[in-house]
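Colleague: Take these sequences, add in the hints, and give me the full structure.
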Amino acid sequence: MKSIILSSATRLLMPLMLLFSLFAFFRGHNEPGGGFIGGLIAASAFSLYAVAEGVEQARRVLRIDPRTLLGIGLLVGLISGLPSVFKSKAFMTGVWMEQTIPGLGKAGTPLLFDLGVFLVVVGFVLTVVFSLAES
Amino acid sequence: MTSIVSLPIVIPLATAAGMLLVRRNILLQRVIGVVGSAALLAAAIKLLYVCYTEGIQVLQLGTWPAPFGISLVCDVFSGIMLVLAGIMSLTTSLYAVADIERRRTAFGFYSLLHILMMGICGAFLTGDLFNLYVWFEVMLIASFVLIALGGEKPQMEGAIKYVALNLIASMILVAAVGLVYGLTGSLNMADVAVHLRDVRQEGVVLGIAILFMAAFGIKAAVFPVFFWLPASYHTPPAAISAVFAGLLTKVGVYALIRTFTLIFTENPQLTHAALVVIAAATMLSGVLGAAVQMDFRRVLSFHIISQIGYMVLGLALFTPLAIAGAVFYILHHIIVKANLFFVSGVVHRLRGTYDLKKLGGLYATHVWLGVLFMIPAMSLAGIPPLSGFWAKLAIIRSGLEIEAYWVVGVALFVGLLTLYSMTKIWAEAFWKEPASPGPIGYASTSGLGWMVVPIVLLAAITVAIGLGAEPAFEVATKAGQELVNPQIYIDAVLGGRQ
Numbered sequence: 001m002k003s004i005i006l007s008s009a010t011r012l013l014m015p016l017m018l019l020f021s022l023f024a025f026f027r028g029h030n031e032p033g034g035g036f037i038g039g040l041i042a043a044s045a046f047s048l049y050a051v052a053e054g055v056e057q058a059r060r061v062l063r064i065d066p067r068t069l070l071g072i073g074l075l076v077g078l079i080s081g082l083p084s085v086f087k088s089k090a091f092m093t094g095v096w097m098e099q100t101i102p103g104l105g106k107a108g109t110p111l112l113f114d115l116g117v118f119l120v121v122v123g124f125v126l127t128v129v130f131s132l133a134e135s
Numbered sequence: 136m137t138s139i140v141s142l143p144i145v146i147p148l149a150t151a152a153g154m155l156l157v158r159r160n161i162l163l164q165r166v167i168g169v170v171g172s173a174a175l176l177a178a179a180i181k182l183l184y185v186c187y188t189e190g191i192q193v194l195q196l197g198t199w200p201a202p203f204g205i206s207l208v209c210d211v212f213s214g215i216m217l218v219l220a221g222i223m224s225l226t227t228s229l230y231a232v233a234d235i236e237r238r239r240t241a242f243g244f245y246s247l248l249h250i251l252m253m254g255i256c257g258a259f260l261t262g263d264l265f266n267l268y269v270w271f272e273v274m275l276i277a278s279f280v281l282i283a284l285g286g287e288k289p290q291m292e293g294a295i296k297y298v299a300l301n302l303i304a305s306m307i308l309v310a311a312v313g314l315v316y317g318l319t320g321s322l323n324m325a326d327v328a329v330h331l332r333d334v335r336q337e338g339v340v341l342g343i344a345i346l347f348m349a350a351f352g353i354k355a356a357v358f359p360v361f362f363w364l365p366a367s368y369h370t371p372p373a374a375i376s377a378v379f380a381g382l383l384t385k386v387g388v389y390a391l392i393r394t395f396t397l398i399f400t401e402n403p404q405l406t407h408a409a410l411v412v413i414a415a416a417t418m419l420s421g422v423l424g425a426a427v428q429m430d431f432r433r434v435l436s437f438h439i440i441s442q443i444g445y446m447v448l449g450l451a452l453f454t455p456l457a458i459a460g461a462v463f464y465i466l467h468h469i470i471v472k473a474n475l476f477f478v479s480g481v482v483h484r485l486r487g488t489y490d491l492k493k494l495g496g497l498y499a500t501h502v503w504l505g506v507l508f509m510i511p512a513m514s515l516a517g518i519p520p521l522s523g524f525w526a527k528l529a530i531i532r533s534g535l536e537i538e539a540y541w542v543v544g545v546a547l548f549v550g551l552l553t554l555y556s557m558t559k560i561w562a563e564a565f566w567k568e569p570a571s572p573g574p575i576g577y578a579s580t581s582g583l584g585w586m587v588v589p590i591v592l593l594a595a596i597t598v599a600i601g602l603g604a605e606p607a608f609e610v611a612t613k614a615g616q617e618l619v620n621p622q623i624y625i626d627a628v629l630g631g632r633q
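These protein sequence lines map, in sequence, to chains A and B.
Under the numbering used here, the first residue of the first sequence carries the number 1, and numbering increases by one thereafter.
Under the numbering used here, the first residue of the second sequence carries the number 136, and numbering increases by one thereafter.
It is worth saying that the hints were derived from the structure and are not from the lab.
Note that the Cβ used here is the ideal one computed from N, Cα and C, for glycine as well.
Honestly, I wouldn't trust all of these hints.
In the DSS-like style, the derived pairs of lysine-lysine whose C-alpha atoms are separated by at most 27 Å in a straight line are [claimed, not checked]:
(1) A/89 with B/181
(2) A/87 with A/106
(3) B/181 with B/613
(4) B/492 with B/567
(5) B/493 with B/288
(6) B/493 with A/87
These stretches of chain B come out as covered by chain A in the derived footprint (C-beta under 8 Å, 3 or more residues) [as the list claims (entries may be wrong)]:
(7) 193 to 203
(8) 219 to 231
Modeller: In structure tokens form, the structure reads like this:
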């Protein structure tokens, strides 16, 4: 059953939640937050949309199949461990950029790893939520 | 270049993740599954070679020094286990091409198989207790899905028993890990081993040791906590039950051997004496359970339990020869047991049933299958010159050396009963007149070649280990020497920081 209140509220909330998930993701670089919690917030935004507009519509808005996101996330996490190997350091050693990015600070492979976590969490949660809602 | 130590974890992860991206293409999944497994096997062989020639390889992940970061440690024992995991991954991937139908493949059989492999390899490599728990969880989650994959009714029943008991084991394990951390302030296995020497509260250490024994015991399916295994292993398709039968319980045995040679070695007259009794009871209850079964795979499942008893016995006797014997036993058993499950799958393919009462006459129609069954079956029973004979010989000889006669008697008796069970399968499935001439259930010979190739491969390895027992046993002996001298492991991990 479609509810117009939920539908309009979602239209307002979803962009905010997605922005907040990005904020939590980048904040986690040095303070509480990070890929896991950011991913959960992003996934809950899409879950809310699925409740309001139906799973079919939510899948269309997400554009990518959540299981593909899961795969990409795993690969991104894996790739973040590799630069150190090419610098002949141990696997998963953090490699950092020389310059700082304004507003973000120093970026490096941990950020990439966190992005992988973000994608895996979004992919996993949405796989579960969508298939539960469809069954 | 120690980054090679991480390869057995990285390769299955990359394979599994890559396959999530090509979910819809069944052919590509099968190709990637086989190629990824071959790469895993190659990396494992290389790693074993490096460990054997240059000693223990240690990788401090992220360059965080031990005991603060997570160490990946590969000694010869880990190396052997990794090679076995690689062999199982490759043969299962080949076998699954024909055995796992499109529906299960599309659902992600191959990515789950490789996630399972990642968990198993991680457990073999890690030098950190909490990390070991995490790898066990990775492995369990993948195996939960694999055992339920397809959603047939008996599968669900088996899966629930499997999940429930394994979750209890995980709970005990994480509690024990927490207690170790509280007592020593460290989770690095080498560091814990060093610190536990100075702990005065012997009772607490003993209690923790028993908790570890219980947790790994459930996962290894030893007496009296083995009931989940025969209740669940015969329910999924043959490819899945073969990889479970071959590898999963052996991870529990691996963890038992690792912790009770490295960490809990202070009180062997209690812990290892208890293990002797457990081992004897496990051998007996497994083989007696098998004697009354009339389902092909249930007979084999009960035999896993009795064979686990031999491995635990090797650890329990706690002499260099016995530990080497246990390692050799694992090496022999994984290959043989998985192969028997593979054969059972082919029998099911041909006749449409696993029920020994309904089977029969296979020797008349499929002589080659009879031969391929005989090799692993006779090896399991310990007939010379196959691999099982040398494995049993090492364990029994080490038992005689320390004059543990009663348990040697049990081991010999169980060997005899194993031969009885294998003869029973032979007589029922291959020899006797079939009750009805045609196949009983759904039967098909399409793609049978994919299922036979892994069986031939594993049978060849069994014969090779049997005839070339000398070099194989040399590797096992090297592993045993490293295990009975934990100081080698500790020095390799901690270096000068002790």
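Colleague: Taking each numbered hint in turn, which are not upheld by the structure, reported in ascending numerical order?
Modeller: When the structure is compared with the hints, numbers 6, 8 turn out to be violated.
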